[in-house]
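J.: If you want the building blocks of each chain, they are given just below.
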Amino acid sequence: MKIALTNFDKAFENRIRLQIMSVLVANESYDFNSLKELLAVTDGNLASHLKALEKEEYISVIKSFLGRKPNTRYQASAKGITAFKKHLEALENLIKQQKS
Amino acid sequence: MKDKDVLDEISSIKNIMERSTRFISLSGLSGVMAGVYALIGSWLAYQSIYILRGSSTFPYPAILSDLLTFERGELAGEMFVLALIVLILSISTGIWLTVRKARRKGQSVWNQSSRAFLRKGALPLVAGGCFILILLWHHYYAVAAPVSLIFYGLALTAASQYTYGDVKWLGLCEIALGLIAMLFPLYGLLFWALGFGVLHILYGTIMYFKYDRENSAH
Numbered sequence: 001m002k003i004a005l006t007n008f009d010k011a012f013e014n015r016i017r018l019q020i021m022s023v024l025v026a027n028e029s030y031d032f033n034s035l036k037e038l039l040a041v042t043d044g045n046l047a048s049h050l051k052a053l054e055k056e057e058y059i060s061v062i063k064s065f066l067g068r069k070p071n072t073r074y075q076a077s078a079k080g081i082t083a084f085k086k087h088l089e090a091l092e093n094l095i096k097q098q099k100s
Numbered sequence: 101m102k103d104k105d106v107l108d109e110i111s112s113i114k115n116i117m118e119r120s121t122r123f124i125s126l127s128g129l130s131g132v133m134a135g136v137y138a139l140i141g142s143w144l145a146y147q148s149i150y151i152l153r154g155s156s157t158f159p160y161p162a163i164l165s166d167l168l169t170f171e172r173g174e175l176a177g178e179m180f181v182l183a184l185i186v187l188i189l190s191i192s193t194g195i196w197l198t199v200r201k202a203r204r205k206g207q208s209v210w211n212q213s214s215r216a217f218l219r220k221g222a223l224p225l226v227a228g229g230c231f232i233l234i235l236l237w238h239h240y241y242a243v244a245a246p247v248s249l250i251f252y253g254l255a256l257t258a259a260s261q262y263t264y265g266d267v268k269w270l271g272l273c274e275i276a277l278g279l280i281a282m283l284f285p286l287y288g289l290l291f292w293a294l295g296f297g298v299l300h301i302l303y304g305t306i307m308y309f310k311y312d313r314e315n316s317a318h
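Top to bottom, those sequences are chains A and B.
For the first sequence, our numbering gives the first residue as 1, with consecutive numbering after it.
For the second sequence, our numbering gives the first residue as 101, with consecutive numbering after it.
Label-pair ranges, simulated between beta-carbon atoms:
1) K69/A with F180/B: 33 to 43 Å
2) S29/A with S111/B: 17 to 27 Å
3) I95/A with I185/B: 51 to 61 Å
I should point out that these hints are in silico values taken from the structure, not numbers from a laboratory.
By construction, the Cβ of each residue, glycine as well, lies at the ideal position given by its N, Cα and C atoms.
Chain A extracted, bound-state conformation (with noise of 0.2 Å):
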């Protein structure tokens, strides 16, 4: 039980964070916006978890301009897909775990 906690990752501990790394694992990239509505969060928080997974190097910011609206957008990176898997990976452990 404790081997498998371990895999965990800790920026995915919160809900929101990893329904963020769903989003942009499952799509090429993900705007603000968007991102705000599908996920029913405020601008603070949503931008606050950003930058918690931005810090990990999880995902990387595209800012660009819509006309004159700066339209900022966001992709997993790398690390970010790796890092996500493992965690899929050990709740799915978990599970296995469990019923076994």
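With chain A fixed as given, assemble chain B onto it according to the hints.
T.: Just chain B, lined up with the frame of chain A:
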């Protein structure tokens, strides 16, 4: 972490991945309505081609004189306007019902996946539309129906990766029907009614019972 928590976590991941990649507000009922419009349109077209002109050989095939009338393009303008009305009615009903469904579920209609859905579908549709206009310009009226079925099917299969997988099956059926229709150019209207009418109603009904009703029960 408890077993249930882990399962919760996984289902939340699955749910969010699906919602972020697929346009799931597409209304099943709008498919049924599009089918109904298409059937009414086909019936009116049938009336004016085969009955009002007095050269009716019920039900089909069109006798040679009918075909010649048609090929000379006497009715081409009328048919074009009729098809345009069916198209506009279907699209506006589709948008209205889809927006309504999204509102009810508290989701936005204009998001990344719906934009991707439209972008993917638009290319075959616009190419097909231009192709048909060129066909009409050359007076190749008989093949316009099969061609519209094929291009519409291609648009659906292309866009289907951004919505329910069922849309792909509808697209494949439309393409198959279009190819069969091409073998029997005299029966274009019949195949058009089958593809845009019957198939849409069938598909819309399946979608309605599979997704819409189940969701509104919650």
